[in-house]
Amino acid sequence: MSDGRSSSARQVINEMIDAGLLDHVMSRVDEGGLALTGEGGVLPELVKAVLERGLQAEMTGHLGYVKGDPAGRGSGNSRNGSSAKTVATEVGDVELSVPRDRAGSFEPRLVPKGARRAGGLDDMIISLYAGGMTVRDIQHHLARTLGTELSHDTISTITDAVLDEVKAWQSRPLEEIYPIIYLDALVVKVRDGHQIRNKAAHLAVGVDLDGVKHVLGIWVQASEGAKFWAGVCAELRNRGVRDVLIVCCDGLTGFPEAIEATWPQSTVQTCTVHLIRAAMRFVSYNDRKKVAAALKPIYTAPTVEAAQVELADFANSELGRKYPATVQTWENAWERFIPFLAFPPELRKIIYTTNSIESLNYQLRKIIKNRGHFPTDDAVIKLLWLAIRDIEDKRARQRDKEKGIPPNQRKAPGRLVEGATVHGWKPALGALVLHYPDRLDQHIN
228 MSDGRSSSAR QVINEMIDAG LLDHVMSRVD EGGLALTGEG GVLPELVKAV LERGLQAEMT
288 GHLGYVKGDP AGRGSGNSRN GSSAKTVATE VGDVELSVPR DRAGSFEPRL VPKGARRAGG
348 LDDMIISLYA GGMTVRDIQH HLARTLGTEL SHDTISTITD AVLDEVKAWQ SRPLEEIYPI
408 IYLDALVVKV RDGHQIRNKA AHLAVGVDLD GVKHVLGIWV QASEGAKFWA GVCAELRNRG
468 VRDVLIVCCD GLTGFPEAIE ATWPQSTVQT CTVHLIRAAM RFVSYNDRKK VAAALKPIYT
528 APTVEAAQVE LADFANSELG RKYPATVQTW ENAWERFIPF LAFPPELRKI IYTTNSIESL
588 NYQLRKIIKN RGHFPTDDAV IKLLWLAIRD IEDKRARQRD KEKGIPPNQR KAPGRLVEGA
648 TVHGWKPALG ALVLHYPDRL DQHIN
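Numbered according to this note's numbering, the sequence shown spans residues 228 to 672.
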């Protein structure tokens with residue numbers, strides 16, 4: 228339906244171009260005699276004309292006769308002048324003359340009573356907020372570009388209107404089983420009383436039995452590890468998750484124990500990429516490439532026993548003796564690192580890293596980096612949810628524009644996370660079925 232509206236609008240614009248009307252307007256703009264937006268701009272005046280004409284049409288429909296029609300005599304109701312109303316729109320403030328009727332029963336739908344903003348402006352504000360702009364940034368942006376003055380409270384109210392959607396999303400029912408869950412975090416600054424604290428915003432991405440990824444939830448860590456993770460796991464279970472085969476995460480304090488207390492048969496796998504990064508913190512820049520090459524045989528070993536031999540060889544090497552803290556990092560994480568070595572390559576490449584979620588967090592970090600701090604934990608969750616939705620919506624629109632173009636010529640990005648399918652999922656699922664037949668057969672057959 229939206230495509231039909233777009234083509235109709237384009238047809239009207241083309242007719243105006245063919246008639247030379249837009250050329251005349253733009254020449255006046257170029258000469259400096261006209262502005263496009265803001266007070267006295269062409270677009271606000273055009274919106275004003277369209278809205279007022281629509282309101283008059285609504286009044287005609289309400290009364291049942293056009294203005295001046297003798298049929299209206301004795302009808303019991305009639306037009307009664309108009310009242311002035313200022314409406315904020317996507318192109319600036321617009322002063323409207325809203326028609327009234329003598330009975331006071333006219334309820335316009337185009338610009339409802341009490342409404343001070345056109346619907347599209349709310350969508351614009353939410354999109355700007357999802358892109359990382361603060362409320363104050365949005366205030367200045369609207370004033371500068373559209374000449375529209377909105378208060379801090381008004382903009383906050385508009386963005387807070389999505390909180391009900393966020394809460395519904397965060398509490399929605401989930402699948403009974405997720406073969407894989409990835410967990411990763413990004414650091415955010417949140418006001419806590421009179422000081423700003425660094426907190427971790429954790430995102431969980433679950434892979435369902437079809438290999439499709441879903442963001443299961445967002446949690447801001449507000450308490451010590453074990454207590455916090457026990458609450459997260461309880462929430463996921465209460466939302467329907469009865470079993471998780473493998474959880475891939477960083478070495479989060481208290482998380483493995485919380486997982487195993489909730490789903491005793493689950494395997495908690497330390498992300499190998501995180502482990503390598505942690506180990507490389509102690510290595511000088513000049514030795515990084517050599518150490519990275521020396522560590523590779525450990526996590527590419529065919530068996531746990533072979534990996535143990537490779538770690539011992541590294542520990543006894545010149546580099547291992549030079550960087551004992553790197554060796555210790557691997558030794559401390561060993562029990563949580565080795566589970567994935569029991570699986571074949573087609574499954575290993577899917578569970579050895581949280582890259583699936585790190586690509587999402589990379590995009591989110593770009594959005595929040597200029598924000599300073601958040602007033603509350605809920606504000607963090609609200610922005611991250613809006614940002615995920617906004618990113619996926621923009622990518623979907625890009626893909627829609629390329630419909631009909633041969634696949635090898637398309638440039639639009641695929642889904643970032645939500646709804647994306649894990650590459651190579653079918654052979655990976657086959658490996659999971661062989662490894663966990665008693666837990667998967669009932670869900671697949």
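Treat the hints as calculated values from the structure; they're not laboratory data.
Check each hint, because a few of them may be wrong.
Said to hold, decoys possible - In silico DMTMM-like cross-links for lysine to aspartate or glutamate, where the CA-CA straight-line distance does not exceed 25 Å:
1. Lys593 to Glu645
2. Lys517 to Asp540
3. Lys454 to Asp604
4. Lys394 to Glu537
5. Lys596 to Glu619
6. Lys516 to Glu537
7. Lys523 to Asp470
8. Lys340 to Glu285
9. Lys593 to Asp328
10. Lys576 to Glu562
11. Lys576 to Asp668
12. Lys593 to Asp387
13. Lys294 to Asp349
14. Lys294 to Glu334
15. Lys454 to Asp437
16. Lys596 to Glu585
No experiment lies behind these values; they were computed from the predicted model shown.
For each hint, the structure was consulted:
1. Pair hint Lys593 plus Glu645 holds up; C-alpha atoms about 18 Å apart against a cutoff of 25 Å.
2. Of the pairs offered as hints, the one joining Lys517 and Asp540 holds, with about 14 Å between alpha carbons and a cut-off of 25 Å not exceeded.
3. For the hint linking Lys454 to Asp604, the alpha-carbon distance of about 17 Å falls within 25 Å, and the restraint holds.
4. For the hint linking Lys394 to Glu537, the alpha-carbon distance of about 48 Å lies beyond 25 Å, and the restraint is violated.
5. Distance restraint check for Lys596 and Glu619: the Cα-Cα separation of roughly 20 Å lies within the 25 Å cut-off, and the hinted pair is therefore satisfied.
6. For the hint pairing Lys516 with Glu537, the CA-to-CA distance comes to about 17 Å; that is within 25 Å, so the pair holds.
7. For a cut-off of 25 Å, the pair hint linking Lys523 to Asp470 is broken: about 32 Å separates their Cα positions.
8. This hinted pair checks out: Lys340 and Glu285 have alpha carbons roughly 14 Å apart, not beyond 25 Å.
9. Restraint check for Lys593 and Asp328: not satisfied, since their Cα atoms lie roughly 52 Å apart, outside the 25 Å limit.
10. With a CA separation close to 19 Å, the supplied pair Lys576 and Glu562 stays within the 25 Å bound.
11. Distance restraint check for Lys576 and Asp668: the Cα-Cα separation of roughly 23 Å lies within the 25 Å cut-off, and the hinted pair is therefore satisfied.
12. Note on Lys593 and Asp387: the hinted pairing holds, with a Cα-Cα distance of about 22 Å set against a maximum of 25 Å.
13. At roughly 34 Å between alpha-carbon atoms, Lys294 and Asp349 are farther apart than 25 Å, so this suggested pair is violated.
14. Between Lys294 and Glu334 the alpha-carbon distance is near 18 Å, which keeps this suggested pair within the 25 Å criterion.
15. Pair hint Lys454 plus Asp437 does not hold up; C-alpha atoms about 32 Å apart against a cutoff of 25 Å.
16. Proximity of Lys596 to Glu585 is assessed by CA-CA distance (about 16 Å); at most 25 Å being required, the pair is judged to hold.
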